[in-house]
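Join the two chains, each given in its own frame, into one complex according to the hints.
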Amino acid sequence: MEKLIFEMSSAGRKGYSLPKLDVPEADLKSLIPPGLSRNTEAGLPEVSEFDCVRHFTRLSQLNYSLDTTFYPLGSCTMKYNPKINEKLAGLEEFAALHPYQPDSSIQGTLEILYETEQALSKICGMDGFTLQPAAGAHGELTGMLIVRAYHTSKGNPRKKVIIPDSAHGTNPASAALCGYEVVTVRSDKAGRVDLEALKALVDEEVAVLMLTNPNTLGLFEKNVKEIAGLLHKAGALLYLDGANLNALLGITRPGDMGFDIVHVNLHKTFSTPHGGGGPGSGPVGVKGHLLDYLPVPRIRQKRNKLTLDYDPKKTIGRVRAFYGNIGIIIRAYCYIRSLGWAGLKDAALDAILSANYLKARLKAHYQPAVDDEPCMHECVFSGKDKKEYGVRTLDIAKRLLDYGFYAPTVYFPLIVEEAIMVEPTETESKETLDAFIEAMIKIAEEAKTDPALLREAPHTTPVRRLDEVLAARELNLRWKSSGA
Amino acid sequence: MYDLEKMRFTKTHEWFRVEGNIGYVGITDHAQKEITDVVFVELPNLGMEFSKGAEAAVVESVKAAFSIYAPVSGKIVKANSDVTKDPSLVNKSPYEEGWFYALEIKDKSEVDSLMTYKDYEEFIKTGAH
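For the protein sequence lines, the chains are A and B, in the order given. Under this note's numbering, think of the first position of the first sequence as 1, with each following residue one higher. Under this note's numbering, think of the first position of the second sequence as 1, with each following residue one higher.
Bound-form chain B, shown alone (with noise of 0.2 Å):
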């Protein structure tokens, strides 16, 4: 089970999930929405490094494509197959089998940097989109 106060939060709507040096990505639930049906995920390849905020994976919904920005630096560990094969995971369990791909995390601080759910829920909430 997640659980949402233990997550971190990006202003671009990716969740980090940290476990030891590892953090999972994914969209939150509230960018699902917003994206509508995703119908196609492209996800980095293993071993590929990124910066903080470095483009790392792309989703497309009906409406448009969308860049998921890597919310920590680190190189690609897991990449999950099943999102790709059903991009619908996406919409219907954003927080779990949903989730994009995980990374190992460089620089510790840098989660720090990242939002608690409380800062989201107040960030969605002032209009930021």
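Next comes chain A alone, as it looks inside the complex (with noise of 0.2 Å):
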């Protein structure tokens, strides 16, 4: 097992040289005032810039990554991130800006932001977008924010906020972060929003429901319209989850379909790198009864310049430091230029139809969540006929990482039990599938023949199974020297 960076250091071992002073020497103490500096050792690790080196790359080595393995993970689009965006962004004309500048000699790079911002709203049919939000979940927070200034300047902010119980987590969270109650509506037989239950929720304290379409199961929501005219009858708002978009570019827009906000994760959808690899971005898209709470500075374009605008009354004010993570919005440009609106709607069919065909090579072996409709971009299976063979979805997960595969999302969406989310995306070939396939079935067998194999997985990993409850029960994070 690699050791610690902390474990290798080595008192007085440095990885850098510095050149010879060429200010004149001041004593530490004299330039930070007292009580701001430290009285003891910072305690950082001394190793060689070339053990350095070394260790991260092992590292690396020792982890999954998107570039080395299939990554399944269902409600995160784990799609390929084209190194050709990583090769624009890092430009050093974007890569060296300083968010000081002024607007006039950073002209190329609003306009790639302005272009996004158009292209999002195309996308989706909205009529603006801001490109502030740094992530998912943030972007769902200023959506939120965006709704009760709306309520609030008609009046009554509204206390109510509906959720299916097939949403994400962070819907709940977000909605309770800005100040309002969450209502669940509960999903009926075929899975999707009941509108029976959702009229006997709808009444004038409610501000926005919160729909992900398509929704966890997989499963597109074909009410939308529907929803809609019950939520505006009522003076509410409908507002987007846009984690699935991936299955709708270029075929369907959520402003057609009613929606008045929609947030898309371009570290999902538009190929941005997502997780550790991140930062990521949240852009956040309304209908023009929304766009003057929309977070500053906006862009204009006035004259063939483009600024950047603090000044809107109604805003919802600052979310972010600057314009969000640029380097991000750079990288997502590229790609919808790359593919174009043709290309766009190509990946979102080519999702559907991998999805697809992992849920009908599987269902012999693994009981899908829904099974008598195709699925949308990615599909759900359950893992409960396996508990009678002692074996529980978690170990089939910790098993696909022996056969070289990271493990789907397990466990959601909550209302499938022992649930297992396939989310393959358009860019896998049907080799790396019918291989990520070809393992599924063997663990399904193995569950009947050997489920000690499962329970025990994984064998081959750097580290076996890990103690989780213990990690999350006595939760230390901090590496301290056994002699301190």
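A portion of the hints provided could be inaccurate.
[Unchecked claim] One-sided excerpt, in silico: chain A residues whose CB lies under 7 Å from chain B: (1) 52; (2) 308; (3) 414; (4) 468; (5) 472; (6) 473.
[Unchecked claim] With a straight-line cut-off of 30 Å between C-alpha atoms, the simulated BS3-like cross-links for lysine-lysine are: (7) A/363 x B/52; (8) A/159 x B/52; (9) A/189 x B/75.
Everything labelled a hint here was simulated from the structure, so no lab data went into it. A virtual CB, placed ideally from N, CA and C, is assigned to each residue, including glycine.
Spelled out as structure tokens, the structure:
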């Protein structure tokens, strides 16, 4: 096992050499006000540059990553991150910008941001976008702040936010953080929002309904128009959690269905790095009646000049420093421009095809959560029929690591018992999908013939089954030297 | 000692044990097995009032977070601090040491509407979860 870099430290060893001072030397104490300088050593590891490089290279090789392994994490859209995006975003003209440069010297970058806003508006059927939120949940919070500002301007911020029982956990968290009471609407037998149950919940105190479409069961919510009608009649808004937008690109648009607000995830649908490779980006789009509430700064076009406008009267204000994760937005812009409208539609269609191929080949071995209709870009199975062998979904997920695959999302959505949620995306070849399917089928066999093999998995990873319970109950994140 | 025959149950897998005009709330053995090892419990403050079916507490396992609903309407009069200190009590002793909170029952007729143990066993068997 690789040691921690702290354990590799050798007192006095340096990984740098600095040139001679070209300014007068001053005592640190004279530069830092008393009370602000630390009294003890910082305890930083002391290693050579070479040892440092090897350490982190080895660590990266111990890990699963998108660039090494199929990563079928449901609702996360772990698609290929094209290297051309990295190359272009890394150009010095972008990477070396300073956020305090005058607008006149960053016209090119502002143009990219402006065009990205326009492109997202067109893709989603909305009237305007902000690119500032730094991730999906941050987009949700921005959306909820817009909802609150909108209702407050009408005289009553309202009290409740309706959220389906299949929603991502971030939805209720964002609504609650914004001071709203969360009301859950159940799913019907087919796995969609129960319209009758919803009718009973909608009243004049409902501010918004947060819907995910396709929902987390991988089903298209067919009744959005009716849902939008119900809410709009009561003066409430309809919000789209766009985590699953990958299934809709170029085929249909949230704005045309009746959504008032939408957040999209550039790090899912638009191919920018996701997770540790981030940061993320969660732009928020709105219809015309909500444009005034978007966060500042807004990008304005006047006489062929682009400027950042900090002055809109009704804005919810700033949600992030400067204009968001610019480098990520540039990557998404490259992606959109590389594929074009037709290419984006192909991506969505291929993502749906991949998920249905997986579902069709696996359904004899794992019970689909919804069997009687095709899925969209992801499919959900239940591992509950494996319980009779003493095997649970977690064991199946761990065993997949032995076969060289990252595990799918498990135990989500909550309304499916022992859920396994697979999202293959459009960027995997049929050969990769087949290899994954073969591994899943073998694991289903092993569950019957050798369940202990699954319960003790993984067997081939650098560390075996982790004690997640102990880790959660006795959280200990800091290394301390045994001498200290 | 607890007596399952004298306790009442909800479709959301809470148990309810009545003592005078106070009712104790926890989750069933079936529920603790389903959610697996509990790692965190958040309880309501004393004096908070909940109506029947409202979210009154939260448990977190390594799988996910789950809401614990008030089986009947009432005011919180006791909260089990042992279970917040040692969440594993929910798994080890779901019907005794792993209780969450007790509430003052507002309307006794709501208790009668809850399931008996026999009803609950039937409910689990029919595939509901």
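Hint-by-hint comparison with the structure:
1. With a cut of 7 Å, the hint placing residue 52 of chain A at the interface with chain B is violated, because the nearest CB-to-CB distance is about 33 Å.
2. A distance limit of 7 Å between C-beta atoms decides the matter here; for residue 308 of chain A the minimum to chain B is near 40 Å, and the interface restraint is violated.
3. This hint holds: residue 414 of chain A has a C-beta 6 Å from the nearest C-beta of chain B, less than the 7 Å allowed.
4. Evaluation of the residue 468 of chain A hint against chain B yields a held restraint, the C-beta minimum of about 4 Å falling below 7 Å.
5. Residue-level restraint check for residue 472 of chain A holds (minimum Cβ-Cβ distance to chain B is 4 Å; threshold 7 Å).
6. At a threshold of 7 Å, the smallest CB-CB gap from residue 473 of chain A to chain B is about 5 Å, leaving the interface hint in force.
7. Between the alpha carbons of residue 363 of chain A and residue 52 of chain B the distance comes to roughly 40 Å, so the proposed pair goes past 30 Å and is violated.
8. For the given pair, residue 159 of chain A sits about 19 Å from residue 52 of chain B by alpha-carbon distance, which is consistent with the 30 Å threshold.
9. This hinted pair does not check out: residue 189 of chain A and residue 75 of chain B have alpha carbons roughly 35 Å apart, beyond 30 Å.
Hints 1, 2, 7, 9, counting from the list given before, are not met by this structure.
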